[in-house]
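> Please build the complete structure, drawing on both the sequences and the hints.
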Amino acid sequence: MNIRTKKDNKALTVAVEGRLDTSTAPQLEECLNSSLEGIEELSLDLSALDYISSAGLRVLLSAQKRMMKQGQMQITGANETVMEIFEITGFSDILTIR
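According to our numbering, the sequence shown holds residues 32 to 129 in order.
In case anyone wonders, no lab produced these hints; they're calculated from the structure. Take these hints with a grain of salt, some might be off.
Here are the simulated BS3-like cross-link-like pairs (lysine-lysine), alpha carbons at most 27 Å apart as the crow flies [stated by the list, open to error]:
#1 Lys38 / Lys96
#2 Lys38 / Lys100
#3 Lys37 / Lys96
#4 Lys41 / Lys96
Spelled out as structure tokens, the structure:
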């Protein structure tokens with residue numbers, strides 16, 4: 032999995048590429064935990080994400096909870112496979128997906 036970040040003042044875009052699963056979720060969690068201080072707008076670009084597991088969903092939920100306290104979070108670029116997982120798990124009702 033590759034993670035690219037782009038910070039613009041109080042906005043942060045995090046692009047995730049590859050598979051977000053049990054072995055890679057801690058990497059994204061660490062990246063978010065170290066980058067969200069002072070961020071009011073978080074955008075997660077999942078356009079290059081091939082797969083997300085329950086461990087990846089947990090990281091997204093944790094980020095969503097944190098951003099609800101300090102700003103907003105949105106998901107962009109989720110492909111059909113990832114969207115299906117969001118819909119089956121109910122995450123499509125919890126997350127802002129564009």
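> If a hint holds in the structure, say so; if it does not, say that too.
Here is what the structure says about each hint:
| no. | hint | in the structure |
| --- | --- | --- |
| 1 | Lys38 / Lys96 | holds, 20 Å |
| 2 | Lys38 / Lys100 | holds, 19 Å |
| 3 | Lys37 / Lys96 | holds, 21 Å |
| 4 | Lys41 / Lys96 | holds, 18 Å |
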